[in-house]
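> Following the hints, position chain B against chain A.
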Amino acid sequence: MSEQTTEMTPTVEVNYADKIPNNVNLSDDRRLQRAMEKWQPEFIDWWKSMGPDGFQDAEVYLRTAVGADPKGWAVFDYVKMPEYRWGILLAPKEEGRVIPFGKHKGEPVWQEVPGEYRSMLKRLLVIQGDTEPASVEQQRYLGKTCPSLYDLRNLFQVNVEEGRHLWAMAYLLQKYFGKDGREEAEALLNRRSGDEDKPRILGAFNEKTPDWLSFFMFTFFTDRDGKMQLESLAQSGFDPLARTCRFMLTEEAHHMFVGESGVGRVIRRTLEKMKEAGITDPNEVDKVRALGGVDLPALQRKVNFHFSVTLDLFGAEVSTNAANAFNAGIKGRYREDRLEDDHQLLNETYPVLRGVDGKLVEVEEPALNAINARLLDDYIKDASAGVNRWNKIFDEFGIDFQITVPHKAFNRRVGEFAEMHVDVAGNVMSEAEWNAQAANWLPSQADEDYLLSLMKPVTEKGQYADWIAPPKVGIDKKPGDFEYVTIES
Amino acid sequence: MISFQTNPAAYQHWELAFEGPVARLRMGVKEDGGLVPGYELKLNSYDLGVDIELYDAVQRLRFEHPEVKTVILESAKERVFCAGANIRMLGSSTHVHKVNFCKFTNETRNSIEDASEFSGQRYLCAINGTAAGGGYELALAADHIMLIDDGNASVSLPEVPLLAVLPGTGGLTRLVDKRMMRRDLADVFCSIEEGIKGQRAVDWRLVDETVVSSQFPEAVKARAEAMASGSDRPSDESGISLEPLGIISSDDERHYAHVDISVDRAGRTAVVLLKGPSTQLPADLATAKQQGCNFWPLALVRELDDALLYLRTNEPEIGTVIFKTAGDSAQVAAYENFLSDHQGDWFIREIILYMKRTLKRVDYTSRSTFAFVEPGSCFYGFLAELLFAVDRSYMLDGQFEDDDTAAPTITLSAFNFGVLPMGNGLTRLQTRFLGESETLEKARSVIGESLLADAAEQAGLVTFALDDIDWEDDIRFLLEERASYSPDALTGMEANLRFAGPETMETKIFGRLSAWQNWIFQRPNAVGEQGALKCFGTGERATYDQKRV
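Line by line, the protein sequences are chains A and B.
Under this note's numbering, residue 489 is the last one in the first sequence; the count climbs by one each step, no gaps.
Under this note's numbering, residue 549 is the last one in the second sequence; the count climbs by one each step, no gaps.
Since the hints were made in silico from the structure, they are not lab data.
A virtual CB, placed ideally from N, CA and C, is assigned to each residue, including glycine.
Among the clues, some could well be false.
As the list claims (entries may be wrong) - Residues from chain A that face chain B, not an exhaustive set, calculated with beta carbons under 10 Å:
(1) Arg31
(2) Gln33
(3) Glu116
(4) Arg123
(5) Asp197
(6) Pro199
(7) Arg200
(8) Ile201
(9) Leu345
Said to hold, decoys possible - With a straight-line cut-off of 20 Å between C-alpha atoms, the simulated EDC-like cross-links for lysine to aspartate or glutamate are:
(10) A/Lys179 with B/Asp184
(11) A/Lys105 with A/Asp400
(12) B/Lys77 with A/Glu431
(13) B/Lys221 with B/Glu78
(14) A/Lys179 with B/Asp187
(15) B/Lys77 with A/Glu196
(16) A/Lys103 with B/Glu529
(17) A/Lys359 with B/Glu209
(18) A/Lys105 with A/Glu116
(19) A/Lys103 with B/Glu31
(20) A/Lys198 with A/Asp180
(21) B/Lys221 with A/Asp342
(22) A/Lys359 with B/Asp208
(23) A/Lys472 with A/Glu419
(24) B/Lys534 with A/Glu116
(25) A/Lys359 with B/Asp32
(26) B/Lys178 with B/Asp203
(27) B/Lys77 with A/Asp395
(28) B/Lys42 with A/Asp357
(29) A/Lys198 with B/Glu218
(30) A/Lys198 with B/Glu540
(31) A/Lys198 with B/Glu113
(32) A/Lys227 with A/Asp312
(33) B/Lys221 with A/Glu365
(34) B/Lys534 with A/Glu348
(35) B/Lys356 with B/Glu113
(36) A/Lys179 with B/Glu194
(37) A/Lys179 with B/Asp203
(38) B/Lys77 with A/Asp400
(39) A/Lys93 with A/Asp337
(40) B/Lys42 with A/Glu183
Okay, chain A solo, but in the shape it has when bound:
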């Protein structure tokens, strides 16, 4: 690792401020510049050891953020990933912005961290920041089994942008949280997804991403959690955080596009195969697998898994921490600015599905304490809309099948339903009953083995693995046989 660092050292010494794309006047802030100078080589070390395995010398056709203007914020070009220009970019400052919710509603937004909220804010940033490198680590071996150069490029685009999101969080920690913040920024580079001794903070970010269907599911479901969290933080009364998150959301949209279109292409290819072979019953799994397609029941099980694991990321449905963060003006609700209420919620309630005496019961909880429950509901709505777009493909092919998201209490390890056993339809049952049927709901080892067996790399220009359909349009409107990644042999 250390020998690779030296490659980057010269760029560190030469006018560093210019080398980091930024719109935060980095060159005027000596203290921050010093801190980032120390952190940057450690980040590159991390990237080289934990980023995509192989491909570090490949030329990848990536977009790079160069500005914060929504119309022209990125340029596309070939770049070697370790030389990607990770930058610090915040959405433009809105003059006269006021804190939009909570106890301080209507007061001018904070440009510095208020002392009384230091700990709370730092914790939020560390948790958010920890997820960014975690997903890169989870996905680091996928390059070896890419279904096409197009998909390989998309994977790397997602990876470098998660890297940039890590930069964004590291920037906030280093600029606004003093010595503590610097230590936390370093710790973000030291934890490792799935490592027993230094795991990432959240459970879902220690799961494996073994195959490309998992990757697409992850970017569709789990990155969507990221979107919800960022949308909530984009409302923050701490303005640098709000601006940072607003810009991150611009990038995050692409990640969900990768997931949604990826799963859509898998469905499309399966349906094409079924149509060609005259299979109309989606449950004829063996026939579909014999054709080398991803059968729809297995796909549904993957949905069940990724959906339920992602719901755990929202934390306890009824939460004191979330109440504190909202009341403090630190973290709002999903699109707070579009909600019509008093934005303080001191006397409001919100219906929360809870486990009471072994039953699922809707309970009116103080709205402040139900912030997480509400965000979870918003997430489910948002994810379900995406799932419905997949379902249109079945209509197109005239196949009677619908992907559904499981009940929110299904397969939970965190929060209200952690101790309960609930099936995909929301029926409460005993642990034994649940275990007996789990294989119908969650991917079995046989499913995983089958998916892995499909994962054969395809790296010829314009070619695609047989289990996935080509995209309708290329990246940056490039033609079908465009060489998105140049792999030197």
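Quick look at chain B alone, frame taken from chain A:
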């Protein structure tokens, strides 16, 4: 009524597991198992009910498991060690309940340290996740603290920043007095919500070692076994089973085999009568062990312990507690000599240590305490120690008219000069005669002598000797006058007069730390409508009165 009687089969919150010389005391607090409704015991947070089970477990480990030399204090929950006292419980409790809760938890932590120091049963705390507030204070009671190093687990005392109260279960005191942490670093530690993790926790002396997750269980086991190796507890003896106490109670009476409580509600007094042995002294140690929990000294101390806790918790308006004894001093002497002769045995040692702890509970009783020495009493040796624990003692000089029971005497023994120290580290007689070393020496010279009232008063061993002409009136005045004073002022006065002499960690915990905590518990900044305890969990932030007092 809150009962302190439980047993492992009835535990809701703890599990005990035994692996030869090592026991595991595992905390798995049942969320809906609170003592009263209105709060959920999430994240291994605790209330009095959880601590009653802990106290029971600590006692049973000492008596029922002589083979256990190390106790691993650990959590049954993943990534959570213990979140401390339940905040909603504190927020909704009366002041009286909070104070008594804290006192009992403090006594239990002390009893853990007592086992480590004197019983050859050392505590090892294995922190597998968040140990916050009372959770870390529980760890602080252990001899050795191991913290998992997984980037997540931390120790913290967030009471000041988060709750506007103190880490009052010994936390502040043990940081600087036991762990000998630097006070400036302790100030930092106690001012941040998020606590300290990993190597820094070792560097700051908050824990003894950190171990990565993959090696943590093995390292804990190895450490526990190493700690066990130095113990003098026997490996091959069976324990003494602590059977349920036989208690018969009515509104104003509570009877045990050797202890009777009778309550006078109008006078707001209670008499606690301790009765001497009614059975023959066992011929030898083996017979005493066969008698087990019915062996008189142990039975008596268990009952006294329960009686004190009962009065403290369930009779808050009984302001005065009067201790009396009844029985044959010679029999008491015989039993005490038996204890002396077998002090080296683990079982006898446990009984004497239990006597010591229970007498300390008398010292810490927030009631006026008196002892009356009347005909038929048996204030010998460790029972005479009660005379020096109470605020005042009254001894009848001679006999009561129309009663031919002999005039009472008191007798000192070696037990009054060493094995039953107070929290300040001194014996009660040393504390009593702090400025009179000659009086102390004189007292030592009369060990074994039956002292009549006159001699006892001369020797400074009782407050007043009264003859039967004055007895009735003086006692009535004493009790009526006492009952007319402010309970708060009395508690404060007594607590300040009882502990002359040096400070120890224990006196600081019960004196300085508890007193500040109890004051803060009364203040609007903590318990007012806008106070931190009331706001906790609602998302609303406390509003403080900014005047420094």
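> Evaluate each hint against the coordinates.
So, going through the hints one by one against the coordinates:
no., hint, verdict
1, Arg31, "22 Å, violated"
2, Gln33, "27 Å, violated"
3, Glu116, "8 Å, holds"
4, Arg123, "7 Å, holds"
5, Asp197, "4 Å, holds"
6, Pro199, "6 Å, holds"
7, Arg200, "8 Å, holds"
8, Ile201, "6 Å, holds"
9, Leu345, "8 Å, holds"
10, A/Lys179 with B/Asp184, "17 Å, holds"
11, A/Lys105 with A/Asp400, "50 Å, violated"
12, B/Lys77 with A/Glu431, "19 Å, holds"
13, B/Lys221 with B/Glu78, "18 Å, holds"
14, A/Lys179 with B/Asp187, "17 Å, holds"
15, B/Lys77 with A/Glu196, "17 Å, holds"
16, A/Lys103 with B/Glu529, "17 Å, holds"
17, A/Lys359 with B/Glu209, "44 Å, violated"
18, A/Lys105 with A/Glu116, "16 Å, holds"
19, A/Lys103 with B/Glu31, "31 Å, violated"
20, A/Lys198 with A/Asp180, "19 Å, holds"
21, B/Lys221 with A/Asp342, "56 Å, violated"
22, A/Lys359 with B/Asp208, "45 Å, violated"
23, A/Lys472 with A/Glu419, "44 Å, violated"
24, B/Lys534 with A/Glu116, "18 Å, holds"
25, A/Lys359 with B/Asp32, "15 Å, holds"
26, B/Lys178 with B/Asp203, "15 Å, holds"
27, B/Lys77 with A/Asp395, "48 Å, violated"
28, B/Lys42 with A/Asp357, "16 Å, holds"
29, A/Lys198 with B/Glu218, "17 Å, holds"
30, A/Lys198 with B/Glu540, "34 Å, violated"
31, A/Lys198 with B/Glu113, "33 Å, violated"
32, A/Lys227 with A/Asp312, "15 Å, holds"
33, B/Lys221 with A/Glu365, "44 Å, violated"
34, B/Lys534 with A/Glu348, "18 Å, holds"
35, B/Lys356 with B/Glu113, "13 Å, holds"
36, A/Lys179 with B/Glu194, "15 Å, holds"
37, A/Lys179 with B/Asp203, "17 Å, holds"
38, B/Lys77 with A/Asp400, "45 Å, violated"
39, A/Lys93 with A/Asp337, "16 Å, holds"
40, B/Lys42 with A/Glu183, "30 Å, violated"
Comparing the model with each earlier hint shows violations of hints 1, 2, 11, 17, 19, 21, 22, 23, 27, 30, 31, 33, 38, 40; every other hint is respected.
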